[in-house]
Amino acid sequence: MRRRTSNVGRANEYDRVDARRARDAERSDEHTEVLDDVRSVPPRVRAAHERLETLTREHAADVERALDALLRELDAERDAALDEIERTRREVLRGKDLLERERRDFDARRAMQEDELSRAFAALRDERAELERERARVERVVVAAEAEARVHERYARSGSMATRSLSYAASQSLGGDVGGVEDLLAFERAEATSSRSGIQGKSKIDAWVNEAMEETPALASRSNPTSRWKRAKDRVNTLTRAVENASLTKTAETNAGLGVAPETARASNYDGIELVGRILSIGGLERGSDKPLSDVECMKPGESDANGYTQWKPFPALNTPRAYAACSTTAIGGAVVIGGSDGNEALRSVEEYRESVGRWRVVDAMSVPRIWCGSTMIDGVTFACGGYDGEYYLHSMEANKTFGSFDIGDASIDANGVGSQPSSSWVTCAPMSEGRATLGVASLGGKLFAAGGFSGAGEILDLCETYDPRADAWTTSVPLKHKRRDLGIASLSARGFLLAAGGRDERSVLNLVEAYDPRDSARGWRALSSMQYRRQLHATVVDPSGDAVFVIGGFDGVSAISAVEVYDVRADKWREVAPCSSARLGCVSCCIP
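Heads up, the sequence shown is in full-length UniProt numbering, so the first residue is 1 and it goes up one at a time.
Bear in mind the hints are in silico, worked out from the structure with no lab data behind them.
Computed from a predicted model, the values in this text were never measured in an experiment.
Yeah, the Cβ is synthetic: ideal placement off N, Cα and C, and Gly gets one too.
Treat the hints loosely; a few may be bogus.
25 Å max Cα-Cα, derived SDA-like pairs, lysine to any residue [claimed, not checked]:
1. K96 x R109
2. K313 x D290
3. K313 x N344
4. K573 x W312
5. K481 x R526
6. K483 x Y393
Restraint ranges, calculated between C-beta atoms of paired labels, are given here [unchecked claim]:
7. A25 x T56: 29 to 39 Å
8. E13 x T54: 43 to 53 Å
9. G288 x M112: 57 to 67 Å
10. T54 x A25: 30 to 40 Å
11. G445 x E148: 52 to 62 Å
12. R51 x D24: 51 to 61 Å
13. A66 x L99: 42 to 52 Å
14. L52 x D24: 29 to 39 Å
15. A25 x L74: 53 to 63 Å
16. S530 x M112: 30 to 40 Å
Build the full structure now, drawing on both the sequences and the hints.
Here's what the structure looks like:
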């Protein structure tokens, strides 16, 4: 079986070999035919073919040489371009280094020039402040001299009246032996001496009065000694008190049994302006800090240091530090601070100061938190107007009528004399026409005025509105001459007009001041003398005398300032006075007795 299979395999192999040989023979025949065809081609065609092959080889060689030349040119151009790029890169680096050096030199020169300008500006500012202080000192000296001259003149007139009356009393009550004509001449001589030498003349009149007192008993003994002596002594006492009061001096001493009348006037002379109140500067932010203050400072005009400058003194602090609050006085001579920010959120809380308590106490909070709101008092009712609650600009207003109750300690007394614990209650009033904050609010003639501010639409306003509490209604009034936010507004009720000072418009911080008299609304707001400092977020307060407006602290466009200015209403003039102990913005102020 195996042998049979092997024979079959050999047969198949032979078949394959035979097939291969047949194919090779066919190919050989085809090749032979091709060779025969080639041999049968004419020589001329073969020559052309050979020439064609030669030209083809030469063309290929030319193409190869052209390609080699092109590649060499491209390589040369590439190398030249790379060299140019490298040179340009090095030049750019050198230019960059040069510009960097020039920039550093420019920055150094600019910093040096800024330092020089800052020093020059500081020197000029110090020089101006020194000149203003010197001018204020000279003005105080002049005013003091004029006041002293008026005192001497009044004293001389009072002395003249006293001497004539004493002479007449001595001659009439004690008998004709006193010698009224001689005594009158002696008093007139003493009066002339008093007019020339001031207080020294007073001592001569006092000496004469004492001498008259010593001589009177002997003269009185001649006729009804008891009654006449008593009448003469009483007359001498009365006239001596008049002389003492005319001299504007205070003393607790007695002179031969003569009493001195107590001082009754609280007013003090401040640069020629009679001031009667204490100015409070409350809260705010110190320069370079975002933490509100609870500090309160007090300035009483007329209380000066050795250099003649009024000083700010500590006052009881607030319970809650706050900035951008509102403040107004109360009907009992206290103060109330409303809302503001504690550095984290807008506040609803309210604090009241009463002189009888001697500290700030927390009272009922408002219905909504308010920062940058305005406040004023009308007929014992305290109003809180506008502001920002942390989300919306407010057009609402609310009022509280309990801060004006008469008090004894911490208890209040109602109209019927029935005592009760204080119970603050805020009620909602008619709203303004649009929501706004950083506005100015003041009262005049029983009405509330809201001026300027910043609206919820992002616009700085010149809008002024007037609120009538009796009608619980707002009306639009004459707009400000200048749009402004962060302004201060004051009511000079004794003179019948409002004053708007400082603030900020679309471009810069302002020192512009304008006034409005509702009785002459057709005239509108009129310009007054500008402040010496540009300021916004400052405090503005009127002294009860009605002759002085104080502006305190604020922001001048660069930093918080401590400068305080007072406006003399009579002279339309601003003067720089004693600064606060620290620069602050967002503070509030009021004036208490």
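Inset, instruction - Check each numbered hint from earlier against the structure, then list the numbers of those it violates in ascending order. - result: 3, 9, 11 and 12
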